[in-house]
Every structure is written in C-alpha cells, then in structure tokens.
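Throw the hints in and build the complete structure from the sequences for me.
The chain contents come next:
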Amino acid sequence: MEALSNKNKGKVLLRAEGLERKFGGLTAVADFSFELREGEILGLIGPNGAGKSTTFNLISGFMPPTSGSLSFLDQNITSKNATHISRMGLIRTFQHESLLSEMSVADNIIIATTHRLKSQAARLEKMQETAKLTGLEDHLEVMAGSLPHGLQRMLSIAIALAAEPKVLCLDEPLTGLQGAEVGAALDLFEMIRSELGITILLVEHNMRAVMRICDRILVLNHGRLLAAGTPEEVSQNQLVIEAYLGHKK
Amino acid sequence: MLKDNLGLTLCILIALASIGFALFSGDPYYVQVVIWVFTNAVLAVTLRFVLLIGELNIATAAFFGIGAYTTAVASTIMDWTFFASLLAAPVIAGIISALFGWITLRTKGPYFLLISFAFTEIVRLFYTKTEALGGNSGMIGMFPPMALNDYFPAIAVTILAAILFGLYAAERSNLGRVFKAIQNNEDIPRSVGLNVIGLKILCFVIASATVGLAGGVHAYTNSVIAPADFTYFVAVLALAYVKIGGEGHIAGPIIGATILTLAGQFLHSFGPYENIFYGAIIIGALLLVPGGIVGLGARFKTGKFMGRAER
Amino acid sequence: MELQVQLLMNTLQIGSVYVLFALGLTLIFGVMKIVNFAHGTFFTAAALIVSSVMIWGVDTAGIPIWFSYLIAFVLALLVVCVIGFVVYFFGFQHVLKDLNGSFILSIGLLLLLNGTYLLLYGGVPRSIPAVVPGNVTFLGASLTIQRLLLMIVAAIITIGLYLLVHRTKLGLSLRAVAEDQEAAMLQGIPYRRVALYGFLIGATLAACAGALMATVTPVTTVIGDDFLVKAFIIIIIGGLGSVLGAILGGLLIALIESFGGYYFDPSTATLAMFVLVIVLLIVRPQGILGHAER
Chain A
1 MEALSNKNKG KVLLRAEGLE RKFGGLTAVA DFSFELREGE ILGLIGPNGA GKSTTFNLIS
61 GFMPPTSGSL SFLDQNITSK NATHISRMGL IRTFQHESLL SEMSVADNII IATTHRLKSQ
121 AARLEKMQET AKLTGLEDHL EVMAGSLPHG LQRMLSIAIA LAAEPKVLCL DEPLTGLQGA
181 EVGAALDLFE MIRSELGITI LLVEHNMRAV MRICDRILVL NHGRLLAAGT PEEVSQNQLV
241 IEAYLGHKK
Chain B
1 MLKDNLGLTL CILIALASIG FALFSGDPYY VQVVIWVFTN AVLAVTLRFV LLIGELNIAT
61 AAFFGIGAYT TAVASTIMDW TFFASLLAAP VIAGIISALF GWITLRTKGP YFLLISFAFT
121 EIVRLFYTKT EALGGNSGMI GMFPPMALND YFPAIAVTIL AAILFGLYAA ERSNLGRVFK
181 AIQNNEDIPR SVGLNVIGLK ILCFVIASAT VGLAGGVHAY TNSVIAPADF TYFVAVLALA
241 YVKIGGEGHI AGPIIGATIL TLAGQFLHSF GPYENIFYGA IIIGALLLVP GGIVGLGARF
301 KTGKFMGRAE R
Chain C
1 MELQVQLLMN TLQIGSVYVL FALGLTLIFG VMKIVNFAHG TFFTAAALIV SSVMIWGVDT
61 AGIPIWFSYL IAFVLALLVV CVIGFVVYFF GFQHVLKDLN GSFILSIGLL LLLNGTYLLL
121 YGGVPRSIPA VVPGNVTFLG ASLTIQRLLL MIVAAIITIG LYLLVHRTKL GLSLRAVAED
181 QEAAMLQGIP YRRVALYGFL IGATLAACAG ALMATVTPVT TVIGDDFLVK AFIIIIIGGL
241 GSVLGAILGG LLIALIESFG GYYFDPSTAT LAMFVLVIVL LIVRPQGILG HAER
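Protein chains in written order, with the working numbering: chain A, 1 to 249; chain B, 1 to 311; chain C, 1 to 294.
For the record, the hints were derived by calculation from the structure and aren't laboratory data. Any given hint could be a false lead.
Which bits of chain A does chain B cover? Going by a derived footprint, with three or more residues having C-beta under 8 Å, they are [said to hold, decoys possible]: (1) 46–54; (2) 68–78; (3) 160–173; (4) 226–235.
Once the Cα atoms are required to be at most 25 Å apart in a straight line, the calculated PhoX-like pairs of lysine-lysine come out as [to be verified]: (5) A:Lys11 - A:Lys166; (6) A:Lys118 - A:Lys11; (7) C:Lys33 - C:Lys169; (8) A:Lys132 - A:Lys80; (9) A:Lys126 - A:Lys166; (10) A:Lys80 - B:Lys108; (11) A:Lys22 - A:Lys11; (12) B:Lys108 - C:Lys33; (13) C:Lys169 - B:Lys108.
The structure presented is a predicted model; accordingly, all values stated were derived computationally and were not measured. Glycine included, C-beta positions come from ideal geometry on N, C-alpha and C.
Structure follows, in structure tokens:
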C-alpha cells in the first residue's frame with residue numbers, strides 16, 4: 001500500500017501525448033497519451049497486435065512516431081534517436097532477440113556498462129554485481145545463446161540493469177518462464193523498484209503477474225487506450241473484459 | 001588464456017625473426033616475398049576487421065590504393081620526406097573513409113557490399129583518367145632515402161607487423177567487443193546507449209587508415225604503382241586468405257595470407273590455371289571447411305582454445 | 001535532333017541488355033538474398049557458345065546464318081541452365097540467405113569459370129557474321145536492323161518476365177518468397193524449389209543478354225564482367241529485388257552512359273553514375289523503388 005501512496009507523489013518521468021504511428025495505411029498506435037511516474041510499476045497490456053511493441057519502439061526511439069509528442073525528464077524526446085534516449089536513462093529490453101547470442105554472458109553485460117563506465121575495472125565490478133543480482137554469476141563464461149530459456153530472460157534484464165536505467169521498459173519478460181521462475185522474476189522486479197529506485201514500464205501477457213505487481217495498468221486495444229487504472233479497476237472494466245473475451249475465440 | 005599468450009609470444013618471435021631476416025638476408029627476392037606476405041596479411045586482417053561489425057568491405061582494396069597513391073604523390077610530386085609521405089597515407093585514407101563511411105554505413109549487408117565494390121572500381125577509374133597521377137601507367141620513382149635504403153625492408157616489415165599487433169590489440173580491447181556486439185545484434189548496443197553508427201564508422205576508419213598505411217609501404221616497396229594493382233580483385237584475394245585461414249581468430253587471415261602468398265609464387269606462370277586454382281580453393285574452403293584452418297584447429301582442441309572467438 | 005535520336009537509340013540498345021542482365025541479378029537477390037558476382041559468367045557462357053556454334057555452323061557445316069543463330073541461341077540457354085543447375089545444386093543451395101558466404105562462393109565461381117572459359121576458348125576476341133544485314137533510318141538516325149531486332153527481342157523478354165512475375169502462379173510464389181520467406185513457407189510454398197526456379201530464370205536472363213550481345217560486339221571470355229559494375233549500380237538505384245526498379249535503373253544508366261559518354265567522355269559518365277548512387281543513398285538508402293531494409 002506504500003506503493004499506492006507513492007504513486008500520487010511521484011513526479012512524471014515520461015509523458016506521451018497523442019502518440020500515433022502508422023505503417024502505410026495501417027494504424028498501429030493512435031491518440032495514445034499516458035504518464036509514467038517516478039517509483040511506480042506501470043503495466044501495459046492488451047491483446048496481440050494491440051500496439052504494445054510499437055509503443056515500446058516509439059518511446060525508446062527505435063521508431064519515430066507519425067505524430068504526437070514524447071517527453072522524458074522534462075525534455076522533449078519526440079525526434080531523438082535510440083542512442084540519445086537510452087543515454088538519458090530510459091532503457092528497454094526486447095521481446096525477441098533480446099541478447100547477444102554469440103557472446104558470453106559476461107560480455108553481454110559488459111557491453112551494457114560500456115557507455116557509462118570508462119574504466120575496465122569499474123565495468124567488471126558492475127558486471128559481477130549485476131550478474132549476482134540476476135542469478136547469473138555461475139554462468140558468466142557461457143555463450144548467451146546456449147543458456148536455458150529462463151536464464152536468457154534474466155540476462156536480457158541484466159543487460160538493461162547494467163546500463164543503469166532511471167526507467168526500465170520490460171517487453172514481455174515473463175514469456176516462457178516456468179512457475180517458480182515467474183515468482184522469482186516478479187520478486188526481482190519488486191526489488192529493482194524498491195531497492196534500486198528504478199521506475200518500471202512493463203508489457204506482459206501473464207495477467208495474474210501483471211495484476212499482482214503493477215500499481216497502475218494501461219489497456220491498449222487496436223492501438224487505442226481502452227482503459228486505465230489500478231489492477232482492481234481494470235479487471236472489473238466491462239470494455240476490458242469484452243476485448244479479452246472477444247480475442248479468446 | 002595461457003595458450004593464447006603462448007601464441008602471442010610465438011607471433012612476436014616470428015615477427016622479430018622476419019625483421020631480422022629482412023635486415024640480414026642478402027637475397028632481395030626472398031626479402032620481397034616476406035614483405036608481400038606481411039602486406040597480404042594486413043589486407044586480410046583489415047578486411048576481417050570490418051567483418052567484426054558484419055560488413056564485407058570490398059573497399060579495402062580502394063583504401064590500399066589510396067594509401068599507395070597518397071604516398072607516391074607526397075614523395076615524387078611534393079617531395080615530402082620519407083616518413084612524412086608514409087604518414088600521409090593513413091591520414092588521407094582515414095579522412096576519405098570517414099566521409100565514405102558516414103554516407104554508406106547507414107546501409108548494410110548487400111547495399112554496403114555493392115557500394116564498396118562500386119567505389120573501388122570508380123576510384124581505379126579516377127586514377128586512369130587523371131594525368132597528374134600518371135593515368136593508366138601509374139606512378140614511378142618512390143624510393144626510400146639513400147641513408148635508409150639498406151634498412152627499408154626491415155622498416156617495412158616492422159610497420160606491417162606493428163599494424164597486425166595493433167589490430168589484434170584493438171580487437172581484444174573493449175572496442176573489439178563492442179564491434180562484435182554490433183555484428184551479433186546491433187539493437188542491443190543501441191539500447192544501452194552506444195552510438196552504433198559512429199562505432200561502425202570508427203571501425204571502418206581504423207581498418208581503412210591501417211590498410212592505407214600498408215598501401216604507403218607498398219608504394220615504396222614496389223617503387224612503381226598502377227591503377228591495375230588496386231582492382232576489387234585485391235579484396236577478393238584478401239577474402240580468400242580470410243576464408244582459408246578462418247575468420248574466427250585474427251591468426252586465421254595471417255595464416256591464410258602466408259600459405260596462399262607462398263603458393264602464389266609457384267602459380268604465377270600457370271596462366272588461366274592460377275584463377276582456377278584460387279577459385280577452386282575458395283569454393284572448397286567455403287563448402288568443406290567453413291571455419292578455415294583456425295576453425296579446424298579449434299575443433300581439434302575440443303573447441304576450448306578458440307571457443308570464445310568462434311562464431 | 002538527329003544526334004539526339006541517335007543517342008536515344010543507343011540508350012535503348014545498351015539499356016535493353018543492361019535491363020536483362022540486372023533483372024536476373026535482382027531476381028536472384030530477391031528470392032535467395034544473395035549477391036551473385038558470378039552472374040556475368042552466365043552472360044559470358046552464352047556469348048561464347050553463340051560465337052563458337054555460329055562460326056562452326058556457318059563456316060564448317062554450311063547451315064544458313066539465321067538458322068545457326070537460332071540453334072546457337074537455344075543451345076546457349078540450355079547449357080547455361082545446366083551450369084546454373086550444377087552451380088545451384090552443389091553451391092548456392094548451401095548458402096541461401098547467407099550474404100557473405102554466397103558472395104565468397106560466387107567470387108570462387110567467377111574465378112573458376114572465367115579461368116575455364118579462357119582455357120577452352122582462348123584469349124582472342126571473335127566476331128560473328130551479321131545474322132540480319134542491313135540498316136534502317138529512323139527520324140534521321142541510322143541503325144542496323146540487327147540492333148533493332150536486339151532491342152525488340154530484349155523488350156519482349158522483359159515484358160515476358162514482367163508478366164511471369166506478376167501474372168502467373170510461379171511469379172506469385174517468387175514474389176511471396178522475396179517478400180517474406182518464412183510467411184511464404186507457412187503458406188505451403190516450397191522455398192527451395194522456388195529459389196531454384198528463381199535462380200535458373202535469372203541465369204537464363206543473363207544468357208539471353210549474352211546471346212543477343214554476341215551479335216553486335218566481339219566476344220571475349222571476360223565480356224560479362226564489364227556489365228557487372230554497372231548492373232550493380234543499376235540494382236542499387238532501382239532497389240535490390242525490384243523488377244520495375246531494374247528496368248528503370250537500367251534505362252537510366254544507359255541514358256547517362258550514352259549522352260554523358262558523347263557530351264563528356266565515358267569515364268565522366270561512369271563517375272556521374274557513382275555520384276548519383278551516393279546522392280541517392282543520402283536521400284533514400286533503400287533505392288528508388290526498394291522496400292526499406294528490415
């Protein structure tokens with residue numbers, strides 16, 4: 001409940017206004033506005049093709065929006081590229097091909113420290129620390145592509161953490177994880193927020209997990225914001241229920 | 001790790017022996033062959049250096065030529081001193097490659113391959129049509145100063161060996177790791193704040209400047225250069241060295257260049273068979289031994305020795 | 001006016017061969033995602049066969065010229081198809097979609113085949129007798145009937161290919177594979193077979209160009225290589241994998257070569273093409289008609 005009171009106090013880190021992205025004649029995201037506040041875990045959910053991944057690409061600078069504006073830490077980042085935005089502290093993970101499969105776990109994490117830390121010793125220290133946090137310390141010399149799936153997911157989070165984010169955007173980090181792994185991952189997210197003080201934007205399919213960990217949830221459908229609110233509010237929203245049931249058929 | 005250090009020590013010894021040979025051997029032909037081996041090794045290693053970011057760079061041949069012509073112009077037309085004319089080669093090659101890379105490295109894969117190919121042929125065309133550069137017959141008269149004449153082969157080998165060790169160090173540094181990351185999946189380095197385009201240009205400029213320096217050395221080694229020395233075929237042979245030796249480790253292209261350059265000495269008199277030989281060896285290596293000699297060696301040692309560098 | 005018409009005729013004649021050559025390259029790229037540096041060897045093989053067969057047919061066997069050309073043309077296409085099949089079966093099918101691997105393979109083939117041609121054919125250029133003698137005059141510009149026929153045949157083949165790609169089931173498969181290979185396979189399109197067809201069609205197009213070119217220019221064992229640089233510039237401009245792009249790009253490059261070559265000189269024209277490519281890259285990295293790279 002502490003989180004709830006926090007959310008009202010937290011200042012706005014990321015703000016999107018009227019975000020829109022078209023591919024040819026297809027509109028992937030339309031008129032999408034939201035705010036991400038310091039210290040919260042914000043969930044972004046929606047059926048397949050609802051525009052979640054496109055939203056991620058827009059806010060992280062991997063794709064320019066067709067129209068609308070984005071600001072991060074009170075700076076306009078609408079037309080900034082991915083390098084610029086990640087240097088400001090907004091770090092994203094990827095749903096697919098989320099790591100450097102042909103490099104060792106250690107190298108994967110060191111790459112992520114390269115921009116912020118200039119001495120090799122500091123990089124190694126940061127790498128060790130991040131690996132320990134994500135349970136990878138016993139696999140440092142393993143080729144990332146040959147890690148078991150669950151550890152690959154952890155590694156993609158470790159890469160993002162090693163880059164010292166202010167805002168961490170996780171793209172379906174739980175996909176393919178087994179029962180106990182899901183719980184461990186959620187504990188990790190909670191720890192990242194409370195102990196490292198990192199704000200999290202989470203795209204996820206696993207509804208129970210989202211309901212459990214998020215302070216607020218945004219629901220996208222056909223590229224538009226369908227509903228927003230606390231997990232309780234969203235789970236009782238008639239439109240949301242219809243959108244999900246409609247897609248289950 | 002230990003074995004890698006052993007290999008490095010061995011390489012340093014070989015380099016020192018080559019320099020010694022260049023100094024004290026009385027036979028100019030064999031000294032010439034040693035310089036050729038080192039020059040070809042530099043061509044292959046710089047080609048592979050850009051392969052670290054995943055791009056096949058035919059323009060290696062162009063920048064080798066640009067270096068050679070720069071040194072030739074500085075030496076014979078502008079009368080610069082020996083070392084100044086040599087130094088001009090990497091500087092000019094570096095500047096041109098920065099410009100070329102800035103424009104072209106926004107494309108990748110097939111587009112970059114084809115543009116670097118077209119660039120190589122166009123630069124060659126430019127030499128043939130420029131009277132000041134001697135047109136089709138090229139330029140002559142690049143000689144080291146009299147005082148250095150006896151030492152020139154040793155100087156050449158030293159410079160070329162230094163390039164090889166320098167590029168090895170660059171690959172082993174964090175920069176090399178970042179280059180490999182870009183090749184593996186460039187979205188990841190981009191997502192953690194690295195300027196991927198800038199780093200690609202840097203990689204390209206390092207390779208082009210060093211191969212430009214080798215071109216400058218080549219100008220003094222041969223004393224004669226002509227546009228026909230710098231066709232895309234130079235890059236094709238360099239690629240053959242990389243393929244035969246194996247691209248998993250920097251030793252690969254060096255081994256490949258050594259073997260094929262020595263073999264080439266016997267093949268020159270074979271006319272069409274020379275091309276058939278190179279063609280067959282490239283196809284055979286690609287289809288039968290994809291990892292090259294280095295790859296075979298690594299597999300032989302149960303994959304532990306070179307495992308980190310293997311693709 | 002006469003001069004301009006003459007230059008325009010030149011453009012169409014050079015352009016028609018460029019288009020055929022580049023179409024094959026771009027088709028192979030589209031379907032297999034490989035850059036075939038050995039494409040010129042198909043062109044060369046056809047030209048060599050045409051010249052050998054014609055010289056034999058007319059001088060030794062006494063077969064009428066037009067008929068021996070017909071035999072030579074058909075034979076050239078058949079032989080190139082066989083070469084194409086062998087090269088695909090033992091080589092390219094192992095490096096599908098592997099840009100660097102296929103490039104290296106094609107370079108190896110280029111060396112191997114060119115060396116073999118030189119061994120079999122020798123280094124002396126040979127010209128074949130005119131198949132159809134005579135000239136026509138058009139708006140004051142003079143043109144051999146042979147060159148006119150070359151343009152017409154090339155145009156027919158180009159239109160035929162365009163219809164094949166856009167109107168037939170095979171064409172649909174080729175386009176589907178070029179667009180998204182995995183999606184095409186999910187729809188039940190046999191990728192490897194389609195890739196083979198695409199490769200053979202590409203090789204055949206180069207063979208047509210070579211067989212046509214042999215009628216108007218002396219044949220050497222490296223005749224195909226001269227087309228390679230320009231064909232690459234054409235497909236960069238037109239967009240890799242684009243049929244329409246290869247046609248427009250081929251005509252544009254021929255235009256620059258023909259007019260630029262006359263008013264300035266051939267090398268200036270080639271430099272101008274390269275400048276065009278660089279400018280185009282800055283503005284549109286994916287070519288005039290190309291799709292954005294993923």
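Structure-based check of all given hints:
no.	hint	result
1	46–54	violated (count 0)
2	68–78	violated (count 0)
3	160–173	holds (count 3)
4	226–235	violated (count 0)
5	A:Lys11 - A:Lys166	13 Å, holds
6	A:Lys118 - A:Lys11	31 Å, violated
7	C:Lys33 - C:Lys169	21 Å, holds
8	A:Lys132 - A:Lys80	33 Å, violated
9	A:Lys126 - A:Lys166	16 Å, holds
10	A:Lys80 - B:Lys108	22 Å, holds
11	A:Lys22 - A:Lys11	30 Å, violated
12	B:Lys108 - C:Lys33	13 Å, holds
13	C:Lys169 - B:Lys108	32 Å, violated
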